[in-house]
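Work the whole structure out from these sequences, hints included.
Sequence order for the protein chains is A, B and C.
Okay, so the first sequence: first residue is -4 according to our numbering, each after it adds one.
Okay, so the second sequence: first residue is 76 according to our numbering, each after it adds one.
Okay, so the third sequence: first residue is 2 according to our numbering, each after it adds one.
Quick look at which bits of chain B chain C covers, simulated, 3 or more residues with Cβ under 8 Å:
no.	region
1	108 to 116
2	129 to 138
3	206 to 220
4	309 to 319
5	332 to 342
I should point out that these hints are in silico values taken from the structure, not numbers from a laboratory.
Where is the CB? At the ideal position from N, CA and C, for every residue including glycine.
Here is what each chain is made of, one letter per residue.
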Amino acid sequence: MNNKNLYLPEMATIQEVIEETHNIITFRVTLNNQEAMKNFSFQPGNVGQLSAFGIGESTFVINSPPSRMEYLQFSVMRSGEVTSNLHTLKAGDQIGVRAPLGNHFPYEDMKGKDIVFVGGGIGMAPLRTLLLFMLDNRSDYGKITLLYGARSPLDMAFNYELQDWLDRDDLDTYLTIDAEFEGWKHNVGLIPNVLLDIAPSAENSVAITCGPPIMIKFTLQALEKLGFKDEQIVTTLEKRMKCGVGICGRCNIGSSYVCKDGPVYTGAQLKELPNEL
Amino acid sequence: MALVKYLKSTDLKSWLAELAQENRVFAPRYEGEAVIFAPFDPEQEIFIKYAATAPPKKTVFPQSERLVDFMYSKDPEDLSRIKIEAQEVLPQGTAVVFGGRPCDVRGFTMFDRVYMAEEATDIYYKARRDNTSFITLACDATENTCFCHWVNSSPSDPTGSDVLAIPVEGGFLLKAVSDRGETLLTSQLLSAGENRVEEGERVCKEVADSLSQAPDLANSPKKLLEVFDNIEFWQDVSAKCLSCGTCTYLCPTCYCFNITDETQGMKGSRIRSWDNCMSALFTMEASGHNPRPTKAHRLKNRVGHKFSYYPDLHDGVISCCGCGRCIKSCPAGVDIREIVLKAIAFEPTVVEG
Amino acid sequence: MKFQKELKDSIRKALPELDVVIGWCGSFDPLHATPHFIRREEDIEKLEIGPLSVHNLATYLPGLRGKKVGIVVKGCDSRSVIELLQEKLIARDDITIFGFPCTGVVDQAKIKKALGYVGNVESCDMSDKSVVIVAAGKAHSLELSDVLADKCHSCRYPDAIISDIFVGDKSGEAVPAPADYEALATFENLSLPDRFGFWLKELDRCIRCYACRSACPLCVCRDHCAAESREPHWLSQENNVRDKLMFQVIHAYHLAGRCTECGECQRACPVDIPVLMLKQKMNKEIRDIFKYEAGVDPEETPPLLSFKMEEENITEKDW
Ligand SMILES: Cc1cc2nc3c(=O)[nH]c(=O)nc-3n(C[C@H](O)[C@H](O)[C@H](O)COP(=O)(O)OP(=O)(O)OC[C@H]3O[C@@H](n4cnc5c(N)ncnc54)[C@H](O)[C@@H]3O)c2cc1C
Ligand code: SF4
Ligand code: SF4
Ligand code: SF4
Ligand code: SF4
Ligand code: SF4
Ligand code: SF4
Ligand code: FES
Chain A
-4 MNNKNLYLPE
6 MATIQEVIEE
16 THNIITFRVT
26 LNNQEAMKNF
36 SFQPGNVGQL
46 SAFGIGESTF
56 VINSPPSRME
66 YLQFSVMRSG
76 EVTSNLHTLK
86 AGDQIGVRAP
96 LGNHFPYEDM
106 KGKDIVFVGG
116 GIGMAPLRTL
126 LLFMLDNRSD
136 YGKITLLYGA
146 RSPLDMAFNY
156 ELQDWLDRDD
166 LDTYLTIDAE
176 FEGWKHNVGL
186 IPNVLLDIAP
196 SAENSVAITC
206 GPPIMIKFTL
216 QALEKLGFKD
226 EQIVTTLEKR
236 MKCGVGICGR
246 CNIGSSYVCK
256 DGPVYTGAQL
266 KELPNEL
Chain B
76 MALVKYLKST
86 DLKSWLAELA
96 QENRVFAPRY
106 EGEAVIFAPF
116 DPEQEIFIKY
126 AATAPPKKTV
136 FPQSERLVDF
146 MYSKDPEDLS
156 RIKIEAQEVL
166 PQGTAVVFGG
176 RPCDVRGFTM
186 FDRVYMAEEA
196 TDIYYKARRD
206 NTSFITLACD
216 ATENTCFCHW
226 VNSSPSDPTG
236 SDVLAIPVEG
246 GFLLKAVSDR
256 GETLLTSQLL
266 SAGENRVEEG
276 ERVCKEVADS
286 LSQAPDLANS
296 PKKLLEVFDN
306 IEFWQDVSAK
316 CLSCGTCTYL
326 CPTCYCFNIT
336 DETQGMKGSR
346 IRSWDNCMSA
356 LFTMEASGHN
366 PRPTKAHRLK
376 NRVGHKFSYY
386 PDLHDGVISC
396 CGCGRCIKSC
406 PAGVDIREIV
416 LKAIAFEPTV
426 VEG
Chain C
2 MKFQKELKDS
12 IRKALPELDV
22 VIGWCGSFDP
32 LHATPHFIRR
42 EEDIEKLEIG
52 PLSVHNLATY
62 LPGLRGKKVG
72 IVVKGCDSRS
82 VIELLQEKLI
92 ARDDITIFGF
102 PCTGVVDQAK
112 IKKALGYVGN
122 VESCDMSDKS
132 VVIVAAGKAH
142 SLELSDVLAD
152 KCHSCRYPDA
162 IISDIFVGDK
172 SGEAVPAPAD
182 YEALATFENL
192 SLPDRFGFWL
202 KELDRCIRCY
212 ACRSACPLCV
222 CRDHCAAESR
232 EPHWLSQENN
242 VRDKLMFQVI
252 HAYHLAGRCT
262 ECGECQRACP
272 VDIPVLMLKQ
282 KMNKEIRDIF
292 KYEAGVDPEE
302 TPPLLSFKME
312 EENITEKDW
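Take a look at the structure:
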């Protein structure tokens, strides 16, 4: 047993704030305790709880990869009390961080395989960490395909690196938006449909998908059509969270606690869980 | 043999007063028409005629507690910046709880598996748990709502306790059941207990024998999962439920909490307070999506957690101690026993093809 | 009860047209009843009505909106139904009301007090006048009137005020004058610090379960209650007795002129806090100022839900 205080956040400083879209901003933070920052280690898919002291805490995935440790990056979509408050913070402001929490993507099991990323909206955040991690360890993986969709170009986060992703020849990037938009040179159409058009092979592949529930639902159907088996699909789940460490009791689906046993689940694991998404 | 002592009923208060010199002592007290655990007060009667309305859960898991205090201050070098300092607030001191019942105190062992897990220990809980001793009162009578014997326990189960007090003629037979319990039994007010051990055993046996045959609940984890998707089943059993959550706050094993911040001026605290899965807000997500939108979904989780998910994670242990409070104090008379038995007996009607 | 068979027959007749009929049936021991949701013909037999039928079933109506619901009501329960109709929280066409002549329901707290211990009741026989309870092998005989709920002693409407089907004979008894809030008057004679001290002491044991709210037929915000709202942030989560009192004050204000004093809030409280008194205080003021009694006339509008340029009994202009 260790005596770490599970609820005491590390104080951190926001180094940079990036306005991603009208409702998403990205924080790059470093822990104030330099020793702690140096020793900080995490796995792609781990999340953190960010504190706005006096308002509360909320859960966000660490979307920078463990292979780039100058800062920890979180992207926050404005939705309620805490996220609205976080949106008022500026570079230099103090923030509390409890991380890493949760499980991570089974990237070891993915070695030597072709990888298909399918991300929708803010769901691109958890994919980003794994994508960058894989690009930093490129030789471990086969062909990598990314399909990233948003409602419109204005809703697309990580704009500043999309061009790089498109340009790379070790990555097949497809971008899509829901409806025609002036000046848009990429795909138009719902993610599951575009996925069927791209039709990546299921042979020796893994698909990793994150996004809003409705998108996930149809993406899973599309993947099935393409021949992906449950074990070849990985996704992340979302539940209201508080403690983030499996104690406060609110994030369970049957006997699985999403904060501790998740947020990453394979399609096969999902089928084992009771139906309560 | 474990240390045994005898305490005269008339000496009970003096003994607790002695213990109160070094510890915070809690004992049951009659207030309104309710029996609650309150700090020992020599001026007030100790009420042990029957089990308390609310268990002594709050002595280790307070209704509300500060986890972290924080303070804002202006950064003297740059007045536009706010500096924040956060500091943990750990529980201090030792406590002794007298008069919990076997089911009440066994409830903490359900907490222990969750709060003191190898990989993540809750140091607030641990500090209180390690520093709180339980002098548990064996039951000399049972109630219609008692079913400790359905869930591998009994009216004299010492699990989780430090001393078991068995009511005998004129007083109590005190049995140490832990090392810490032995240290509690050093008072001059206590006399030798060996000659009453037999009487104590007889009392316990009589009560145990008075309980009706217990049904077999071994199948409950599996059966509850089988009816998970049967929403009519859950709508039926939850129809009269008001979704108030009283059942969970009075439950010695319900351990869920909320974390919220409160501020006053330049200071504030992060607080943890009781919360429960019967509340609609418990699982409400920022998007407005709620995976448990109705009381049927929520009651399913309450029963499912105790009789299926918890046992699934913890070697088959059902996280209900059978104290019966959720039945007795439910404003609508929802009976968890009835629901579990219904689920166990449930046979899906096979539609002939 | 004499009319029980008649009631079952009329429910049997109405059930095919209804999704559910709510009544009462036996519970975990002979001293308790529990709400009974009748969906199938075979559920009807279990129906039992009597002094143990304490629950106000009107609480379930707003949650069953859109369904065809039958409901068995005591006189006091019918007032909650009227109030819900007035506020358009339920639709008259959707509900079928079964009334009966009520002779009072027990207050479980009084029985508990009289017997000292009610944990193992073996039988309970109720007649018009007396209650015989056998517990732990011992028989206890009580006067029914000693264990009736306070509200029953001052009840003016033992027969449902509104009903589609009324079984049994209307009690026809003289209706006593409105409650004169005697207990309340005694309390109000205490000094301010004493009154405040009383609430701080009583509410200290409140566990903030909000059963008082969930059991109230007219607390219709349900999942959007001020008690848990963060924006606006009315109450803190600290274990602070002032916050607990604050919630009771909020509840009393939100119920002012709407509360029919059914007493469910107090009955539901697991730790027996006398929260009804706060509502009685509000009702007394409403009665004095607006000459209004909640839940009596379906066509009326509760005074705090309406607006008049000049109130007859509020003379704010000539101070
Ligand atoms: C594993 C995981 C990873 C996530 N990653 C991201 C991310 O990278 N970027 C992003 O923008 N959002 C992410 N979310 C969602 C984000 O946590 C919620 O949008 C956020 O907590 C809403 O907080 P609020 O105070 O603004 O909302 P309110 O509606 O005011 O909620 C109040 C409190 O309830 C809890 N809560 C409410 N909804 C959620 C929810 N959906 N998930 C968890 N806790 C919730 C939080 O403690 C929150 O502070 C993630 C959620 C989970 C579970
Ligand atoms: S079971 Fe009873 S106590 Fe529990 S939430 Fe439902 S009505 Fe309230
Ligand atoms: S579920 Fe009910 S009977 Fe079981 S321990 Fe909790 S309150 Fe007691
Ligand atoms: S029953 Fe509900 S409130 Fe109680 S411990 Fe389980 S999840 Fe928490
Ligand atoms: S459940 Fe068992 S231990 Fe608890 S009060 Fe009843 S008899 Fe005693
Ligand atoms: S406040 Fe109490 S007495 Fe008034 S209507 Fe609600 S439950 Fe009944
Ligand atoms: S029912 Fe009683 S204990 Fe629960 S919140 Fe209301 S007053 Fe407090
Ligand atoms: S967030 Fe507390 S248990 Fe998962």
